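There are 2 protein chains.
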Amino acid sequence: MINPPQRISFVTLGVSDLTASKKFYTEKFGWHPLENDSEGIVFFQMNGLILSLFPDSELAADAGIINNGAGFKRFTLAINCYSEQEVNDIFSSLKEKGVEIVKPPEKAFWGGYSGYVKDNDNNLWEFAYNPFIALDNSGNITSPGG
Amino acid sequence: MINPPQRISFVTLGVSDLTASKKFYTEKFGWHPLENDSEGIVFFQMNGLILSLFPDSELAADAGIINNGAGFKRFTLAINCYSEQEVNDIFSSLKEKGVEIVKPPEKAFWGGYSGYVKDNDNNLWEFAYNPFIALDNSGNITSPGG
Numbered sequence: 001m002i003n004p005p006q007r008i009s010f011v012t013l014g015v016s017d018l019t020a021s022k023k024f025y026t027e028k029f030g031w032h033p034l035e036n037d038s039e040g041i042v043f044f045q046m047n048g049l050i051l052s053l054f055p056d057s058e059l060a061a062d063a064g065i066i067n068n069g070a071g072f073k074r075f076t077l078a079i080n081c082y083s084e085q086e087v088n089d090i091f092s093s094l095k096e097k098g099v100e101i102v103k104p105p106e107k108a109f110w111g112g113y114s115g116y117v118k119d120n121d122n123n124l125w126e127f128a129y130n131p132f133i134a135l136d137n138s139g140n141i142t143s144p145g146g
Numbered sequence: 001m002i003n004p005p006q007r008i009s010f011v012t013l014g015v016s017d018l019t020a021s022k023k024f025y026t027e028k029f030g031w032h033p034l035e036n037d038s039e040g041i042v043f044f045q046m047n048g049l050i051l052s053l054f055p056d057s058e059l060a061a062d063a064g065i066i067n068n069g070a071g072f073k074r075f076t077l078a079i080n081c082y083s084e085q086e087v088n089d090i091f092s093s094l095k096e097k098g099v100e101i102v103k104p105p106e107k108a109f110w111g112g113y114s115g116y117v118k119d120n121d122n123n124l125w126e127f128a129y130n131p132f133i134a135l136d137n138s139g140n141i142t143s144p145g146g
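Top to bottom, those sequences are chains A and B.
Residues in the first sequence are numbered from 1 upward in steps of one, following our numbering.
Residues in the second sequence are numbered from 1 upward in steps of one, following our numbering.
These aren't lab readings, by the way, just hints derived from the structure by calculation.
Values in this document were obtained by computation on a predicted structure and should not be read as measured data.
Possibly wrong hints are sitting among the right ones.
As the list claims (entries may be wrong) - DSS-like, lysine-lysine: derived pairs with alpha carbons at most 27 Å apart:
| hint | chain 1 | residue 1 | chain 2 | residue 2 |
| --- | --- | --- | --- | --- |
| 1 | A | Lys23 | B | Lys118 |
| 2 | A | Lys22 | A | Lys95 |
| 3 | B | Lys95 | A | Lys22 |
| 4 | B | Lys22 | A | Lys73 |
| 5 | A | Lys73 | A | Lys95 |
| 6 | A | Lys107 | A | Lys97 |
| 7 | B | Lys73 | A | Lys73 |
| 8 | B | Lys97 | B | Lys118 |
| 9 | B | Lys73 | A | Lys22 |
| 10 | B | Lys107 | B | Lys118 |
| 11 | A | Lys103 | B | Lys23 |
For reference, chain A alone in the conformation it holds in the complex (with noise of 0.2 Å):
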């Protein structure tokens, strides 16, 4: 049995508009964003973890499930893992203590593998393993990219 390492790597914030999010949090709360090549997501480097901004419609479909405003709550936690092995374990241990997979581990379109459980109370869980972003060895992100 291996349990969830007990750490947060991303905040995901679902938002309804993108560009107000983004103007938001960089104008008001002067937050810079990291450099990134998407255009469709915005993240921002905190205390070890990752507050993304993401469309609430495509947050919700990334998780497999339907954005209608009652049981998404358009947040989601994530736990960046050390390989895909890791993200697999997990989810072997989590389905036989009978925590409900919301979406199995599968290859993720932007490179990584990921998939998402869910709490007693709706919570979106992600574990991940994503390829271009190091964990140092607290399992903190440090070097986003690099």
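For chain A, the structure is supplied; the task is to place chain B on it using the hints.
Leaving out everything else, chain B in the frame of chain A:
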């Protein structure tokens, strides 16, 4: 103008059944909660931040809003500051920029000082000074309660 520090100190899930949620995270995820004096809230030390479980009605009340399932998303993000003054300065600055103040900073029942703003999408951000939680030089929570 002081910008909010670019970090997350707490991710708080507003849960419908605290006992069930604590059971989920301790039994299914196998996580170890922090010892604390209150039966009414559960904390998990993550990488430089804390995940807390708190009844949704109380979380809504803490932010001074109505838990009607419509506007309240049942989670909040918090940024801990180094002093009450820093919290005040951040609020003044955000107010000047037209950010909606949900609850102006005030002494909190738990001995700290905190207030809430919201982003353009109704996501709640709390800014808090907590004299009982040390932040290291990077702004990480590394030794809660100590």
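Hint by hint, here is what the structure shows:
As the CA atoms of A/Lys23 and B/Lys118 are separated by approximately 14 Å, the hinted pair is consistent with the 27 Å bound. Restraint check: the Cα-Cα separation between A/Lys22 and A/Lys95 comes to about 37 Å, which exceeds 27 Å; the hinted pair is violated. Restraint check: the Cα-Cα separation between B/Lys95 and A/Lys22 comes to about 18 Å, which is no more than 27 Å; the hinted pair holds. Proposed proximity of B/Lys22 and A/Lys73 is supported: the alpha carbons are some 19 Å apart, at most 27 Å.
Of the pairs offered as hints, the one joining A/Lys73 and A/Lys95 holds, with about 23 Å between alpha carbons and a cut-off of 27 Å not exceeded. The hinted pair formed by A/Lys107 and A/Lys97 meets the criterion: a straight-line CA distance of about 24 Å does not exceed 27 Å. Proximity of B/Lys73 to A/Lys73 is assessed by CA-CA distance (about 6 Å); at most 27 Å being required, the pair is judged to hold. Distance restraint check for B/Lys97 and B/Lys118: the Cα-Cα separation of roughly 13 Å lies within the 27 Å cut-off, and the hinted pair is therefore satisfied.
Proximity of B/Lys73 to A/Lys22 is assessed by CA-CA distance (about 19 Å); at most 27 Å being required, the pair is judged to hold. Restraint check: the Cα-Cα separation between B/Lys107 and B/Lys118 comes to about 19 Å, which is no more than 27 Å; the hinted pair holds. Between A/Lys103 and B/Lys23, the direct Cα distance comes to roughly 22 Å. Compliance with the 27 Å bound is thereby established for this hinted pair.
In the structure shown, a violation is registered for the earlier hint numbered 2 alone.
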